[in-house]
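**Student:** Just so we're aligned, residue 1 is where the sequence shown starts under this note's numbering, counting upward by one.
Be aware that one or more of the hints could be misleading.
Simulated pairs of lysine-lysine, DSBU-like, Cα-Cα distance not exceeding 30 Å [to be verified]:
1. K365 - K111
2. K112 - K506
3. K37 - K106
4. K37 - K538
5. K445 - K37
6. K138 - K249
7. K506 - K405
8. K407 - K365
9. K116 - K407
10. K233 - K138
11. K178 - K37
Pair ranges (Cβ atoms, derived) [claimed, not checked]:
12. D359 - E235: 33 to 41 Å
13. K141 - N408: 41 to 49 Å
14. Q459 - K51: 38 to 46 Å
15. N482 - A175: 22 to 30 Å
16. A309 - S406: 36 to 44 Å
Simulated from the structure, these hints should not be mistaken for laboratory data.
Source: prediction; values computed, not measured.
Positions of the beta carbon are idealized from the N, C-alpha and C atoms, including for glycine.
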Amino acid sequence: MFSVALSGFVTNLLVAGDPPEPRTRFHQFNDKFNNPKDPADPQIVTYLGGKGEEWASGGGFQPDGSVIVVGTAAGPVFDLAGGVAVKVIGGSDGSAPAITDAQLVKVVEDKKSGTKHNEVIITGSHTAGAPFVVKLAKGGKVVQSAIRLPWGVGSCNAGLVDTLGNIYIAGLAGANIKILSPQAANPTIAGAAEGGTPSLLFLAGIAPDLSSVRWCATFPDLGIAPELRFSAKGELVIIAGHRNIFSAKGDFISHLDLRQSKRDRAVNPVDGSVAIGYDTNTKTGREPWRQPHLEIYNTDGTLRNEYYAWAARLVGTPSSREVSDSSIKYLNYSDDGRVLLLSGWSDGGNSVLHKQPYDLRTPVKCPGLGMSAWGANAGSFCHLIRMDPENGQVTGRTMYLAYLKSKNKPSGLRTNHLNLASDGSNIVCGTSSYGFIQTRQSGFKGDYIGGSFVTVMNQDLSDLRFAAIVPGAGEVLLNLGNNPWVSAKGVVGGRHRVLVVSGAQKHDEFWTINPVQTGFGGGNLDAAVVVLDLGSVKP
Numbered sequence: 001m002f003s004v005a006l007s008g009f010v011t012n013l014l015v016a017g018d019p020p021e022p023r024t025r026f027h028q029f030n031d032k033f034n035n036p037k038d039p040a041d042p043q044i045v046t047y048l049g050g051k052g053e054e055w056a057s058g059g060g061f062q063p064d065g066s067v068i069v070v071g072t073a074a075g076p077v078f079d080l081a082g083g084v085a086v087k088v089i090g091g092s093d094g095s096a097p098a099i100t101d102a103q104l105v106k107v108v109e110d111k112k113s114g115t116k117h118n119e120v121i122i123t124g125s126h127t128a129g130a131p132f133v134v135k136l137a138k139g140g141k142v143v144q145s146a147i148r149l150p151w152g153v154g155s156c157n158a159g160l161v162d163t164l165g166n167i168y169i170a171g172l173a174g175a176n177i178k179i180l181s182p183q184a185a186n187p188t189i190a191g192a193a194e195g196g197t198p199s200l201l202f203l204a205g206i207a208p209d210l211s212s213v214r215w216c217a218t219f220p221d222l223g224i225a226p227e228l229r230f231s232a233k234g235e236l237v238i239i240a241g242h243r244n245i246f247s248a249k250g251d252f253i254s255h256l257d258l259r260q261s262k263r264d265r266a267v268n269p270v271d272g273s274v275a276i277g278y279d280t281n282t283k284t285g286r287e288p289w290r291q292p293h294l295e296i297y298n299t300d301g302t303l304r305n306e307y308y309a310w311a312a313r314l315v316g317t318p319s320s321r322e323v324s325d326s327s328i329k330y331l332n333y334s335d336d337g338r339v340l341l342l343s344g345w346s347d348g349g350n351s352v353l354h355k356q357p358y359d360l361r362t363p364v365k366c367p368g369l370g371m372s373a374w375g376a377n378a379g380s381f382c383h384l385i386r387m388d389p390e391n392g393q394v395t396g397r398t399m400y401l402a403y404l405k406s407k408n409k410p411s412g413l414r415t416n417h418l419n420l421a422s423d424g425s426n427i428v429c430g431t432s433s434y435g436f437i438q439t440r441q442s443g444f445k446g447d448y449i450g451g452s453f454v455t456v457m458n459q460d461l462s463d464l465r466f467a468a469i470v471p472g473a474g475e476v477l478l479n480l481g482n483n484p485w486v487s488a489k490g491v492v493g494g495r496h497r498v499l500v501v502s503g504a505q506k507h508d509e510f511w512t513i514n515p516v517q518t519g520f521g522g523g524n525l526d527a528a529v530v531v532l533d534l535g536s537v538k539p
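Could you put together the complete structure from these sequences and hints?
**Tutor:** Here you go:
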């Protein structure tokens with residue numbers, strides 16, 4: 001393109017063969033969300049690891065602002081780039097496990113480009129390694145201290161930090177768990193027929209200064225790598241095939257068999273009720289249909305509420321026709337138990353997830369992000385929903401999509417982690433096809449924007465506060481079999497903060513901010529760490 005002046009006017013002339021790039025929804029949504037009105041700004045984005053194989057699976061914030069990152073060191077060493085000393089606590093060390101590339105990754109070839117890359121096959125259920133805990137300075141850049149437990153203790157699938165700075169980790173016990181818990185015994189439990197192999201889980205408390213393991217409890221479960229959260233009373237709720245509650249001192253409080261142990265579920269931190277999401281294959285009378293289900297159970301196992309459970313033939317009638325295959329995939333409760341955040345999936349835009357969960361005739365009237373699936377071929381599309389679990393009333397809803405830059409068509413996006421920040425914002429992680437909509441805080445640039453992402457949305461799901469691709473991250477399935485991200489929230493110095501962690505490969509290196517090491521530390525896997533500032537606590 002060049003310009004010429006004619007009688008005082010400047011006219012732009014297009015050179016033949018140089019047509020303007022068409023404006024698509026990709027451009028429209030980038031314009032809309034690029035500069036957030038209420039940004040969640042990244043404070044730390046860094047790799048964490050060394051020559052061995054490691055990934056992060058939890059953590060939190062201590063009162064002085066220090067950032068705690070916990071995870072699993074799979075071996076054969078656990079060192080940190082920069083030569084930071086790693087202390088072993090909890091007992092005499094075992095032999096370092098041998099681990100091969102064949103256990104970690106498999107080579108995958110892209111059918112279109114012919115390029116090859118490593119796909120991670122190791123999971124958070126790997127128990128031959130050792131849990132680790134690393135303390136980072138509030139502003140990043142420095143590792144203040146680092147410890148690991150003896151080799152063979154087990155996997156670290158989850159970790160939390162309380163308001164006093166105490167650290168708690170949970171995972172699947174390994175062959176050397178008796179180093180920490182001499183009373184540990186081979187698991188035998190009722191309910192194994194539900195699915196899963198009986199196995200031993202552990203829950204341990206670690207001193208705030210990382211000097212010692214204060215206690216370790218072991219208990220049987222169904223071989224599902226656990227999640228961990230605080231109850232409203234500050235108790236430790238460990239969620240796997242079953243739900244167990246312990247005090248902050250490691251004393252057992254209660255046990256609950258969770259129904260449908262392999263389905264997506266969440267435990268209300270206030271009353272202990274359990275929300276379960278799934279789908280079933282059914283028929284509308286005109287076509288096969290995958291029907292979403294959301295059920296909430298009391299602690300005695302009785303059904304409290306049931307949503308989206310309409311008769312399939314009703315959905316298929318001309319007055320409805322919301323027949324896109326749909327499912328409820330991920331769930332999480334707010335700390336006060338009043339909000340249930342869930343992620344739904346559909347293969348098209350005509351989904352019952354657009355309706356109030358209790359009434360097929362009533363559409364949800366929430367502004368959302370303004371995204372829709374019109375023009376799409378069959379794909380994988382995300383629905384985010386905030387609702388009152390007691391009456392099913394939706395208080396926030398949006399479709400969350402990517403858009404192809406040149407074709408003006410929706411592109412697939414899937415979530416695999418949800419949480420609610422201390423200010424009520426929504427934390428959403430997942431994987432996007434090309435065309436992911438980023439905000440200005442992202443350090444990832446390129447024409448083909450896709451891969452693992454971290455997003456923070458406002459409370460009613462109508463605006464993006466932060467959205468960025470983190471290439472190569474989200475590679476290890478950490479807990480409950482399918483969650484490659486874990487997040488924690490807290491208040492530091494009167495400001496809301498969020499920590500998001502995962503495992504990362506080197507083949508797609510991500511951008512860094514205030515990193516504690518100059519880049520990828522070595523081996524096939526490092527931990528990925530992202531810390532976001534969400535703003536001041538409002539009086």
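**Student:** Does the alpha-carbon distance linking K506 and K405 stay inside the 30 Å limit?
**Tutor:** Satisfied, since the Cα-Cα distance of roughly 27 Å is no more than 30 Å.
**Student:** Could you see if the CB distance from K141 to N408 stays within 41 to 49 Å?
**Tutor:** holds, 43 Å
**Student:** Taking 33 to 41 Å as the stated bounds, is the beta-carbon spacing between D359 and E235 within them?
**Tutor:** holds, 36 Å
**Student:** Holds or violated: are the alpha carbons of K178 and K37 at most 30 Å from each other?
**Tutor:** This hinted pair is violated, its Cα atoms lying about 52 Å apart.
**Student:** Would you mind confirming whether the straight-line C-alpha gap from K233 to K138 stays at or under 30 Å?
**Tutor:** Since the Cα atoms of K233 and K138 sit roughly 27 Å apart, the hinted pair holds (cutoff 30 Å).
**Student:** Between K112 and K506, does the CA-CA distance stay at or below 30 Å?
**Tutor:** The given pair, whose Cα atoms are some 22 Å apart, holds under the 30 Å limit.
**Student:** Is K407 close enough to K365, meaning Cα to Cα at most 30 Å?
**Tutor:** Roughly 29 Å between the alpha carbons, so the hint for K407 and K365 holds.
**Student:** Does the structure keep K445 and K37 at a Cα separation of 30 Å or less?
**Tutor:** Roughly 21 Å separates the two Cα atoms, so the pair holds.
**Student:** Measure nothing beyond the straight line between the CA atoms of K365 and K111; if it is 30 Å or shorter, mark the hint as holding.
**Tutor:** With a Cα-Cα distance of about 42 Å, the restraint between K365 and K111 is violated, given a limit of 30 Å.
**Student:** Indicate whether the distance between the beta carbons of A309 and S406 respects the range 36 to 44 Å.
**Tutor:** holds, 41 Å
**Student:** Using the beta carbons of N482 and A175, state whether their distance is inside 22 to 30 Å or not.
**Tutor:** With Cβ atoms ~25 Å apart, the hint holds.
**Student:** Between Q459 and K51, does the C-beta distance stay in 38 to 46 Å?
**Tutor:** holds, 43 Å
Against the hints set out earlier in the document, violations occur for numbers 1, 3 and 11.
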